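Those protein sequences? They're chains A and B, same order as listed.
Under full-length UniProt numbering, think of the first position of the first sequence as 1, with each following residue one higher.
Under full-length UniProt numbering, think of the first position of the second sequence as 1, with each following residue one higher.
Derived from the structure by calculation, the hints contain no laboratory data.
Remember, it's a predicted structure, so these values are computed and weren't measured experimentally.
Where a beta carbon is used, it is the ideal one built from N, C-alpha and C, also for glycine.
Among the hints, erroneous ones may be present.
Claimed, not checked - Distance windows between CB atoms, simulated:
#1 A/A19 to B/V126: 36 to 46 Å
#2 B/D23 to A/L108: 38 to 48 Å
#3 A/A144 to B/K147: 23 to 33 Å
#4 A/Q109 to B/Q109: 46 to 56 Å
#5 B/A144 to A/Q109: 15 to 25 Å
#6 A/R146 to B/A144: 55 to 65 Å
#7 B/K13 to A/M2: 58 to 68 Å
#8 B/D3 to A/K147: 21 to 31 Å
#9 A/K122 to B/K114: 31 to 41 Å
As the list claims (entries may be wrong) - Computed far set for chain B versus chain A, every beta-carbon distance over 10 Å:
#10 F5
#11 Q16
#12 V53
#13 T63
#14 K72
#15 D76
#16 C86
#17 G116
#18 T124
#19 V125
Stated by the list, open to error - Once the Cα atoms are required to be at most 30 Å apart in a straight line, the calculated DSSO-like pairs of lysine-lysine come out as:
#20 A/K113 to A/K13
#21 A/K75 to A/K100
#22 B/K122 to A/K100
#23 B/K122 to B/K100
#24 A/K12 to A/K113
#25 B/K147 to B/K100
#26 B/K113 to A/K114
#27 A/K75 to A/K13
#28 B/K122 to A/K75
#29 A/K75 to B/K100
#30 A/K24 to B/K75
#31 A/K114 to B/K12
#32 B/K100 to B/K24
#33 B/K122 to B/K75
#34 A/K75 to A/K114
#35 A/K75 to B/K147
#36 A/K24 to A/K12
#37 A/K147 to B/K75
#38 B/K114 to A/K122
#39 A/K114 to A/K12
#40 B/K100 to A/K114
Single-letter residue listing:
2 protein chains.
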Amino acid sequence: MMDPFTDEYFMKKALQEAAMAFDKGEIPVGALVVAHNTIIARGHNLTEMLNDVTAHAEMQAITAAANYLGGKYLKDCTLYVTLEPCQMCAGALYWSQISKIVFGASDLQRGFKKMGSQLHPKTTVVGGVLAEEAADLMQRFFAARRK
Amino acid sequence: MMDPFTDEYFMKKALQEAAMAFDKGEIPVGALVVAHNTIIARGHNLTEMLNDVTAHAEMQAITAAANYLGGKYLKDCTLYVTLEPCQMCAGALYWSQISKIVFGASDLQRGFKKMGSQLHPKTTVVGGVLAEEAADLMQRFFAARRK
């Protein structure tokens, strides 16, 4: 039997979070934390609504996941996020010792790879999952803002 | 007349925040945000109490300062922090476009300099202010934990 819980399956859910940010006029980035095939935390970018540069989707999902687990380490968890994390979020993920990060579109300007941020040695990374859908949402957002 | 509002003056206040973290059994790091010689936000490390790796002193001070100012950019502000920021906090400070960062003790293992994090081009940095006091507090904390 095929495993329904693929990276694409969870990334679609993260894209739904990103769409919620889009609808609020926020840069459309969504994130989930998954443990044992269960979504334990969700977040979407709220930097405008909260007037807070730290309110990225990943940060909220990390805090919510730790709250759910009752411990601050996300050792058996996977973060799904529609856009490559920035250095702040990569730094938070470093501290969380998360097992796996799956991201959608690359951020060639402010992504953690370009910025040279370090992840925890125990963390594996997969990029490019449903990248076109994530990038398309971003492009539509910025095109609408320019009008 | 001598300016009473020196970096040492505000760092002493940040050390008081660090001492509050110490008393709660948290790694003793304290932070302030200052605008026009007025302390507009304070924070101390609460990662254990909140079960949250993102609850560093700087992150709380950044969020509180933006809340006070009603805007997410800290362009005319200075962050005082007793320990060199990590890559997460450096990343948050990058987004905030803060004018100046003053830190106490260097963190040679996990500090943003060692980790290669990038600050905003508009941000100036001063390190080593009351560094011995900050380092002493850290050493006493870890010595007590080893007992």
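Compare the structure with the hints numbered earlier in the document and write down the numbers of the violated ones, lowest to highest. 3, 4, 5, 8, 9, 12, 13, 14, 16, 17, 22, 25, 28, 29, 31
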